[in-house]
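Got chain R sorted already, so can you dock chains A and C onto it with the hints?
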Amino acid sequence: MDIVPQLIVNSLIAGSLYALVAMGFNLVFGATRFFNLAHGVLAAVGGYTAFYLGSTLGAPVWVAVIGAVAAAALVGYGFERLIFRPLRARRASNLVLLVASLGAFTAVEALIAMLFTSQFRTLAMLTGATHIIHFGSGVMTSVQAIILGSSVVVLIALRLVLTKTSFGRAVRAVSDDEEVAKIVGIDTNSIIGAVFIIGSAVAGLAGVFAGMDTGIEPRMGFLILLKGVIAAIIGGIGSVYGGFLGAFLLGFAENFGIWQISGEWKDAIAFTVLILFLLFRPQGILGKKRI
Amino acid sequence: MNSKKRTFAAVLALIVLAGAVWWGTARTAPQSSGVIKIGFIGPLTGDAAPIGESTRNAVVSAIDEVNASSTQKYEVIYEDGRCDGPTSASAAQKLINIDKVKFIIGGICSGETLGAAPVAEAAHIILLSPVSSSPDITKAGDYIFRTFASDATSGQKVAEAIWSRGYRSIAVISEQTDYAQALKDIFEARFKELGGTIVTSEGYETTSKDFRSQLTKAKAANPDALYLVPNTSASGQILLSQVKDMGITTPLFSNELVTTPSLLTSGVSNGVIFAEVNFDKNSPAAAAFLDAYTKRFGTMDPSSPPIYGASTYDSVHLLTDLITTYGSNPDTVKGALYAVKDRPGAAGQLTIDRNGDAVREYVLKQVVNGQIVPVTQ
Amino acid sequence: MEYIIHLAILVSIYAILAISLQLLVGYTGLLSVTHAAFYGIGAYVVALLLTNTGIGFFGALALGILGSALAALLIGLVLSKFRDDYYALGSLGFNVIVFSVLLNWQGLTRGPLGIPGISRPELFGFVFSDNAFFLLLALLLLAIVYAFGRLITQSSFGRTLEAIREDEEALSVFGYRTSGFKLLIFVLSAGMAAVAGALFASYITFIDPSSFNIPESIFMLSIIILGGLGTLRGAVLGALVLVLLPEALRFVGFSTDIAAQMRQLIYGLLLVLLMLYRPQGLVGKFKL
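Residue numbers (this note's numbering), protein chains in the order written: chain R, 1 to 291; chain A, 292 to 668; chain C, 669 to 956.
Looking at chain R on its own, in the form it has when it is part of the complex:
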């Protein structure tokens, strides 16, 4: 049996989840220029909201998904208003913002664990029975196909918004230079707020999908974040398109990397890829191109 088609499918499955995280992460980075580690916990917020709506309240799947995305967007916007905006106003350095986002991450993760316990849960009540789709000798489940499709849809939607609307032009202006954007009359704070809402919503969606594919637990955000950040950097930090490409590159590197060496080295492979990129191509696959 040829192993390659299945490895390609595995890489696509892994890449599509990383892509959803990396695109949101890069969108926020593009506008604010700092590593928002709290981005990861939004996936857990999304996953648990869907769990609460679907399991405890018995809501149908579309309500659960919309609720989860909204909750993640709300929490992400809350971070921006309560923590990051005051820090930016004070011209805090990137490291201060990074440490603060780490703190926000830790606190919210603990809060989720207190509310829902640390137990692993599935979102099977939302997905129902899945069926198997064949790609040659490779297989994936219907849920994974939906995730893959959604990552492409989100990419296209974000690209359209950023390139075709006046809001998108404002985001790009802020991204290029916040000071200049302010001078030409753009309300940078509300633009950045909107960017946080969109980016966080996508992270929430990633959390729901991760939960549907495997399951949710409070610390899921950290794992999702690490891979998402690697994808964001190797694709081209600050670029939505780059995050998308980087995610699939990472998916392929991980899954083909363990073809010859044993599977427990997956994380080490991912971080080796990151360090190689930082060393030899710190600007990522896309280079200096933005958005």
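Among the clues, some could well be false.
In silico contact screen, one side only, chain R against chain A (beta carbon under 10 Å); selected entries [claimed, not checked]: (1) 117; (2) 134; (3) 138; (4) 144; (5) 146; (6) 150; (7) 219; (8) 220; (9) 258; (10) 267.
Hints listed in this document are in silico derivations from the structure and should not be mistaken for laboratory results. Just so we're clear, the structure is a prediction, and the values are computed from it rather than from any experiment. Backbone N, C-alpha and C define an ideal beta-carbon position, used for all residues, glycine too.
Using the frame of chain R, we list chains A and C on its own:
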């Protein structure tokens, strides 16, 4: 802020903290006379928390029964070992030196037991683990006991079962944790000794949820059967559902984690053959325990194997029986523990050997339509 | 009393870690998230030597420092090319890689099984099996590390490091090879972390890789950020507060499963509030 102020702030912070610790110490100091304190160490938080929770509840059930029937009263102090050695060592220090316990039930995770063991051994305190199965615990010390069998037995049993079914090549997928790796090593050693080949042995990190590429390699190696060694019910569930998703139809062998209710109801563990202590959920002793547990705490967490609770429950009864009979001197109780032979309990018959290890009979079982049925070797 | 001694030993170990990390983060401005890796390498070298060879604790300690410093040299060669947030992420990557090696190279480290039965230090036939004596040893090593840290910070080397923190560009314009200085302090700091690793391994007598992963590195960072960046005393103070805080929570009477999450919650909120209202920490001089 000048340096005087800074020093002052530092000293102030020190005093406040020292005060907090002292206050805590003082608060727990008063001993209620006549009541014997027992410590408990288990993973009350973290990934293994469901197991910590159900074993703690099992302790509560057992202690309540003992206190209702015996003239000697007991009190248990619960500490979190977070499933790791250092935290557990810290918890053991606290139990022994602050609460002055002479007996500890725990740890639950093997890492906890190995972390707490040197502390208990040095203080001549009995440490009785109800669930830890690492082979290293066998030689952890004179005061260290367990009522769970070492992984050695389970791994060998499954290897022999696979061999006797005529399967000669095996692919192994195991989680990178102490329990799973010890089990995997013993299994592989025994299977090679029998003359079989391990065609591929893949690990996965405990944080990972995507095992498809490991499974792809295992499938491509075309083995006669697959041996899966997850460490938690969660990873077992993901692993087994990905096995099904990828259309792998080779016979599956695993460990007792496939008996957790969440796996049984989801159906993913159907067909899996595993080795387990001769534990019968429907035996009178086990049924009595599970009844008492359910009445008090509701259904046991579906990701915790019932055998863990039963073994913990037995450990509490064993320890309190011995203390009530022989008094609360750890050295006397230690002697009595080494003499335990064919003691009936919810988890089956228990004999303790000269290493302080439980000698338990292992049997093969299979999951069939969500039910656990015994199968022949 | 035993319990207080136990806590004092833990505080000493973390104080050593915090001092060594302080040199890197607080003085040189390099946000390293890989300190647990060097702590771990030190612990593993000492544990393996003590369980497999006849070499004594102090010999093992010396080799542990050496091993950790060598690993730091290799890693530092890569890292010293980065600055600011890229430095943080690159160093985080190395922590994961070192953790993976400790976990997966089972032939050497026994992987997740950990190394049990590590012996206590011995000097001229005297075994530090009593915790009170072990505490003396820990305090002695803490004092040496503190003195070494002071030596560095008050030397011209230390002033160069602070100049790198304030303005690396300007310094390189003046002809300083800043990456050489960054590498040197990284190696020294890793060697000091190995001292803490050695103490930890021989105190707990059982180690496994889980003690040396990213959350531990983040915990060390929280210690120095809370204590205050750019002061050695801040590092010690931070270690004192953050090591004792969870132990104090043990007594407050939260139900146990809530208590541990509560601790995480408090760490998280503490970091956010410090960044918002007091970015220089309790007694610090330098704001990130």
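Taking the hints in turn, this is what the structure says about them:
no.: 1; hint: 117; in the structure: holds (7 Å)
no.: 2; hint: 134; in the structure: holds (9 Å)
no.: 3; hint: 138; in the structure: holds (9 Å)
no.: 4; hint: 144; in the structure: holds (9 Å)
no.: 5; hint: 146; in the structure: violated (14 Å)
no.: 6; hint: 150; in the structure: violated (17 Å)
no.: 7; hint: 219; in the structure: holds (8 Å)
no.: 8; hint: 220; in the structure: holds (8 Å)
no.: 9; hint: 258; in the structure: holds (5 Å)
no.: 10; hint: 267; in the structure: holds (6 Å)
Checked against the numbered hints given earlier, this structure breaks hints 5 and 6; the rest are met.
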